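Given the structure of chain A, go ahead and fit chain B with the ligands onto it with the hints provided.
Residue numbers (this note's numbering), protein chains in the order written: chain A, 1 to 357; chain B, 1001 to 1259.
Each hint should be verified, as a subset may be incorrect.
Covered by chain B, according to a simulated footprint, are these stretches of chain A (three or more residues, beta-carbon under 8 Å) [said to hold, decoys possible]:
| # | stretch |
| --- | --- |
| 1 | 204 to 216 |
| 2 | 224 to 235 |
Between beta-carbon pairs, the in silico distance windows are [unchecked claim]:
| # | chain 1 | residue 1 | chain 2 | residue 2 | range |
| --- | --- | --- | --- | --- | --- |
| 3 | B | Ala1136 | A | Arg341 | 55 to 63 Å |
| 4 | B | Leu1126 | A | Gly26 | 24 to 32 Å |
| 5 | A | Gly319 | B | Gln1097 | 45 to 53 Å |
Hint data in this document are derived by calculation from the structure and do not stem from the laboratory.
All of these numbers come straight from a predicted model, not from anything done at the bench.
A virtual CB, placed ideally from N, CA and C, is assigned to each residue, including glycine.
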Amino acid sequence: MAVVDHKTFDTNDADKEGVSEPSRTGVYWAVGLILVILPAFTGEFILSDIVSRILVMGMIALSLMFLAGYGGMVSLAQLTIAGVAAYMTAVFGTSAITEISIGLTWWIAVPIAIIIAMIFGTMVGALSVRTEGIYTIMITLAISAAFFFLANQNYDIFNGFSGINQVLPPVFVGVNWGNTIPFYYLCLFLAAVSYALVLYVSRSPFGLALQGIRDNPRRMAALGFNVTAHRIAAYTFASLVAGVGGVLMVWMNTAISPGAVSIAVVIDVLVMAVVGGLGHPVGAFLGAAVFIILETFALDVLETLGLPGERFQLLIGIGFLVIIFWSDDGLLGLWRKWRERSAKRDPLLGDLEGDGK
Amino acid sequence: MTDIASRLSGAGTNALELRGMSRYFGALAALSDITLTVKPGERRAVLGSNGAGKTTLFNCITGDFLPTTGSIRLFGEDVTTFPAHERIRRGLRRTYQISLLFGGLSVFDNIYLACAGVSRGRFSMLRPRKNDALVAAAEDLIVTVNLAEHRETLVNVLSYGQQRQLEIALALAGAPRFILFDEPAAGLSPTERSDLITILTSLPEHIGYIIIEHDMDVALRVSESVTMMHNGRIFKEGLPQEIEEDPEVQELYLGGGHG
Ligand SMILES: Nc1ncnc2c1ncn2[C@@H]1O[C@H](COP(=O)(O)OP(=O)(O)OP(=O)(O)O)[C@@H](O)[C@H]1O
Ligand SMILES: [Mg+2]
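Next up, chain B with everything else stripped away, as it sits in the complex:
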């Protein structure tokens, strides 16, 4: 079988397929033997205490670093060894737990960069014109995430909540098909939190995502399935109610030092 045929076999079946994925940092197994399947358009919450390996899971999926063992399929294609930008160009997006923005640039420029990254215009040495498609896309996006009035503000001087909103905007640029949100609600005010929930629930149906969220209430409102992680392993998977009522989960959450 040719390489391409093997890579594309089963195309379109799942948005994400992890098989036996592990990641070691020295002797520490931050992830061990993760097998996980997410269908297209599915919205999944990942829960787990501090250090459970949730962010490491995201880093492996986006290609920030490679897994030690195992394989990653994105929309049926084996992307295990692909560099991050190749995965992003296939419709994967992510946000960072600790905002990773361009502090010296304006809000608009940040969003413009995100739009350029997934377009062919990224190498253009010509300055955009007024009717440039990328500029238009960025203008739309800035409205979606309620940052239009801060268009020209330097990102450094935005409030924490606004920076989190911008983090999300960067992940919505282009035509995302599958998004990884790393604790987008952490540290937000109640209003900002409900804005976030609105943004997530009003995403087009075909866009699936995984959201890492410590707050059960938020997680259960924006997801249709839940994966619990503990010590680098998947510990439980199921529907939100099942997970919520699971005695083991309750013990872990209440007794695991995570109020």
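Chain A with its partners taken away, still in its complex shape:
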């Protein structure tokens, strides 16, 4: 897949995209600080319906980004893997559907849910890693569709069309994590950990090899790598991220139903990842942010302008088309383009050709 441009992934090169190390650290601190103090400035709605959702969907998109960006495997099963974790949290934990929920305490139910999601994700990987490109997309899409229909029609575990409700976040160390602000911090913490973990693993021997396999599987086999096993392991790791996202997803909505794992949402996650950019983990969260903000406000904007509100999907579509059209890697690609161009124009930065970059 040529979606991602190839950069070095060595552990010790400081300056990759023209962003020097101090300014990058500065950006991290600034964004981190804003996110941490955000609850002081924003209301309930922004925090729970926008920012927390961005973080949760961003984690699921991140799991796709890891596979697609580093592994060249576009898996449409990542939302479904999150969905498995969500359903299993409801099944092993507590809910309003007492005939289904086993009622284990959250710190047992959640690890079980995540492990089942990882096993499921590993099986998805085992089924799909021998395929390439469009066939990977088709096989994972088929798995997602099958899971949707299963959840919709099975009443013994999934409670069919209406799903399972009253799946509440726990009360722990005296905090009700279901309240808006604690839940926001929980999402922020787990999203930050996932982000850092993906970035870290991408530069570990495992991640480096995954990128080698993306670019040149034949050579990697000739270097002693088991390409198939490596790809499957990448699915297992990505399923961990998706699984944690899935647990947050069921807590965020306090329910899980087939609608949350429908093909429409599967495509939403793909759009988030691609629009954000597959070249770097931050793209997943950028994409989720743009998607959710547009989805939330496009309708209002259109109506304010006196246009028919039900066309908001069209507006979203056009927005994405523009980004994809102008950039080879979503918003990240636009950002890189913009930096290159402004660097060229800026006389203070000196001549670009001569500085050895």
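Then chain B with the ligands, alone, in the frame of chain A:
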């Protein structure tokens, strides 16, 4: 007899043993009925005109694809149906005629990957520390192939000759026992060529190899036996002088359109 016993029978006798190996591409027999034995530590040159099947021979030995018929034994073990990585982990290495490198990674990362591939560290999700054994191995190797000063250079921007050197470095990672070099000297400058000869001749004695080489002079300097291929078949085998003086070989080489 158990499967394992049959696989291991005759262990240690030969580095490589091909029996009746053929490979068809549709109706084209790129290799037919190849039977070839290479002793441990032996250095063999394979000569032959374009399309003789030399690269196909390598592809079958490494497991890039399976032979249509015949069997392959590596250090006595039947590896005919083994995937490539299993053969590599048994000490087989290869270079590619057309460099197959990781252009977006630095020279060091390329070599590091090669070292990781044949170690248990390949699945490690922990970043290497300063005193990591793989890093140390990669540092050594980069010196061996004279690329130390280009450690951080992206492979895309290396010169052709340097890329060929890196190709060789990747094949020397870990503990190679038997290496397949596919035209390593092609396109190199005279200096690079003599560097290559130095690298090959100073390999530890127990490491055997097969080298495909169009240039007779290079081939004869780095090998102790020669196999001539023609139209997918082995056409002559012998000592370098015998092959060089063989009238049929001379006719093929001079008259076969291969100046
Ligand atoms: N993957 C393939 N699919 C179809 N035909 C192939 C394939 N690989 C090789 N061939 C054919 O097999 C024959 C032998 O090719 P091979 O590359 O082994 O020759 P070679 O001896 O390495 O030649 P050269 O000196 O040009 O490298 C050629 O006719 C080639 O076209
Ligand atoms: Mg060839």
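Tested hints:
1. Coverage of a stretch by a chain is defined here by at least three residues with a beta carbon nearer than 8 Å to that chain's beta carbons; for the stretch 204 to 216 of chain A and chain B the count is 10, and the condition holds.
2. For the stretch 224 to 235 of chain A, the proposed coverage by chain B is satisfied: 6 residues have a C-beta within less than 8 Å of a C-beta in that chain, meeting the threshold of three.
3. Checked against the given bound of 55 to 63 Å, the beta carbons of Ala1136(B) and Arg341(A), roughly 42 Å apart, lie outside it.
4. Under the hint 24 to 32 Å, the C-beta atoms of Leu1126(B) and Gly26(A), about 28 Å apart, fit the expected range.
5. In this structure, Gly319(A) and Gln1097(B) meet the distance hint of 45 to 53 Å, their C-beta atoms being roughly 48 Å apart.
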